[in-house]
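K.L.:
So you can see what is in the structure, the chains are spelled out below.
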Amino acid sequence: DQQVKQNSPSLSVQEGRISILNCDYTNSMFDYFLWYKKYPAEGPTFLISISSIKDKNEDGRFTVFLNKSAKHLSLHIVPSQPGDSAVYFCAASVSAAGGTSYGKLTFGQGTILTVHP
Amino acid sequence: SQTIHQWPATLVQPVGSPLSLECTVEGTSNPNLYWYRQAAGRGLQLLFYSVGIGQISSEVPQNLSASRPQDRQFILSSKKLLLSDSGFYLCASHRGLTTNEKLFFGSGTQLSVL
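So the protein lines, in turn, are chains C and B. For the first sequence, our numbering begins at 1 and goes up steadily by one. For the second sequence, our numbering begins at 1 and goes up steadily by one.
Fair warning: there could be bad hints in the mix.
As the list claims (entries may be wrong) - Residues from chain B shown here face chain C by an in silico Cβ test under 8 Å; the list is partial:
1) Ile4
2) Ala9
3) Gly41
4) Ala92
5) Ser107
Said to hold, decoys possible - Here are some of the chain B residues that sit facing chain C, going by a computed Cβ distance under 8 Å:
6) Asn32
7) Tyr34
8) Arg42
9) Gly43
10) Leu44
11) Leu46
12) Tyr49
13) Leu90
14) His94
15) Leu103
16) Phe105
17) Gly106
18) Gly108
For the record, the hints were derived by calculation from the structure and aren't laboratory data. The C-beta atom is built at its ideal place from N, Cα and C for all residues, glycine as well.
Here chain B stands alone, though its shape is the one from the complex (with noise of 0.2 Å):
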C-alpha cells in the first residue's frame, strides 16, 4: 500500500517569510496528488491537486502555490505567509480508478504563522 511522508509535523513561522513543505509518495507510481488545509474550526480544505508532473489545479485563491518536479513529490510553498495561513495541512495520494476510499494521507503538518 501506499505511504505518504510529510515533513516537518510542527512548523512556526513568522508572517512574511517563506514556506515550502513537502510530500513525497512512496508504493505508486503517477498518483493524484492532494493538498489539504484545516483551518480552526472549519474542515478539511481542497487547495491544490495535481494528476501528473507540472501539472497543478487550484482549488481556491489564497498565497500559496503548489508545484509537482517529480512524479511522487508534491510541495506546498509561499513566498510571504499571512497569519491566515495557520493551520493544519495534509497531503495526500490516490491511485485508483473508481472510487475515494483509496484516497491516503500524510500524517499533516501543523503551521503556526505569527
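Chain C extracted, bound-state conformation (with noise of 0.2 Å):
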C-alpha cells in the first residue's frame, strides 16, 4: 500500500517552459513534504519542502503547492533547464514531538524529467 504516489513515470518539457511534477498521498497524519533530486549514480537532494500550515512555497526557479483537501502536492519549475533533468522524488513525513521523525520520511516512485535544449 503506497501511501505516497507519484503516478507519471516520467516528464519531458523543452528548455525554458515550465515543469509541473505532481504527487498524490493518502495518510492525512502527513505533514511535512518534500522534494528530493536525484541524478544518475548520486543519491537523492534536498530540494524544497512545504509544511501543512503553508499551501505555497517558493525557493527561485522552485514552487511547491500543496492541496490538502485533495492530498496533492506539485512541484513547479520556471523557467525549466537542461541541468533539471534528473530523477524527482516525492516524500512525507508526520512531525512528533523529540524529533524521531525526521528522516523517517515516506517517499513516491520517482518522476523522470528530462529538460530539452
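Take each chain as given, in its own frame, and dock them per the hints.
P.N.:
Below, the structure is given as C-alpha cells:
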C-alpha cells in the first residue's frame, strides 16, 4: 500500500517552459512534504519542502504547492533548464515530539524529468 | 557538511548468498542513520533506522538486518538473499533537530539477486 504516489513515471519538457511534477498521498497524518532530486549514480538531494500549515513555498525557480483537501502536491520549475533533468522524488512525513520522526520519510516512486534544449 | 560513503555501487549476488553493505558518515557526530530501499516501480522505503550505537529499529519485516557497531558506521546484512531483496539501497544520515531537510543520502547500491 503506497501512501505517496507519483503517477507519472516520466515527463519531457522544452527548455524555458514550465515543468510540473505531481504527487498524491493518502495518509492524512502527513504534515510535512519534501521534494528530492536525484542524478544518476548520486544519492537524492533535498530540493524544497512545505509544511501543512502552508499552501505554497517558493525558492527561486522552484515552487511547491500543497492542496490538503485533495491530498495533492506539485512541484513547479520555471523556467526549466537542461540541468534540471533528473529523477524527482516526493516525500512525506509525520512530525512528532522529540524529533524521532525526522528522517523517517515516505517516498513516492519518482518521476524522471527530461528537459530538452 | 556531511559526506556519506556507501559501497559497492553495484552488486550481483546469487540467491541464498550472504550480504553485507556498509555505510560510513563523515562530517558529523552522533547522527541518526537510515537504510532505505527502492524496489522496481516502488518508492523509497525505510527499512531500518538507528539513533545510536547498537540501537536499531526495523520498520518492515524482512530478510535483512542492520547493525551499528560505531557512531558513524551502519551495516545492512542478510544471511541468505532472496530474489525479492533486489533493489536500490540507500544509506542516509540526519543531524538536525527540527526539520527533515538535513537528510543526506549516500550514492546507493544497486543490488541484483539472481
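K.L.:
All the hints need checking, so say for each whether the structure fits it.
P.N.:
Hints and how they fare:
The beta carbon of Ile4/B comes within 7 Å of a beta carbon in chain C, closer than 8 Å, and the hint placing it at the interface holds. With a least beta-carbon distance of about 7 Å to chain C, the hint placing Ala9/B at the interface is held under the 8 Å criterion. The restraint placing Gly41/B at the interface with chain C holds, with a minimum CB-CB distance near 6 Å, inside the 8 Å limit. The restraint placing Ala92/B at the interface with chain C holds, with a minimum CB-CB distance near 7 Å, inside the 8 Å limit.
Given the 8 Å rule on beta carbons, the hint for Ser107/B holds: about 5 Å separates it from the nearest Cβ of chain C. Hint status for Asn32/B: holds, given a least beta-carbon distance of 5 Å to chain C, under 8 Å. For Tyr34/B, the interface hint holds, since its Cβ comes within 8 Å of a Cβ in chain C; the closest pair sits about 6 Å apart. A hinted interface residue such as Arg42/B counts as satisfied when its beta carbon comes closer than 8 Å to some beta carbon of chain C; here the least separation is about 6 Å, so the hint holds.
The closest approach between the C-beta of Gly43/B and any C-beta of chain C is roughly 4 Å, which is under the 8 Å cut-off, so the hint is satisfied. At a threshold of 8 Å, the smallest CB-CB gap from Leu44/B to chain C is about 4 Å, leaving the interface hint in force. Of the supplied interface hints, the one on Leu46/B holds, with its beta-carbon coming within about 6 Å of a beta-carbon of chain C, less than 8 Å. Interface restraint check: Tyr49/B against chain C, minimum CB-CB distance 6 Å, threshold 8 Å, status holds.
A cut of 8 Å between beta carbons decides the hint on Leu90/B: the least distance to chain C is about 6 Å, and the hint holds. This hint holds: His94/B has a C-beta 4 Å from the nearest C-beta of chain C, less than the 8 Å allowed. A hinted interface residue such as Leu103/B counts as satisfied when its beta carbon comes closer than 8 Å to some beta carbon of chain C; here the least separation is about 5 Å, so the hint holds. Because the beta carbon of Phe105/B sits about 3 Å from the nearest beta carbon in chain C, less than 8 Å, this interface hint is met.
Because the closest C-beta pair between Gly106/B and chain C is about 5 Å apart, less than 8 Å, the hint holds. Interface hint status for Gly108/B: upheld, as the beta-carbon distance to the closest one in chain C is roughly 6 Å, under 8 Å.
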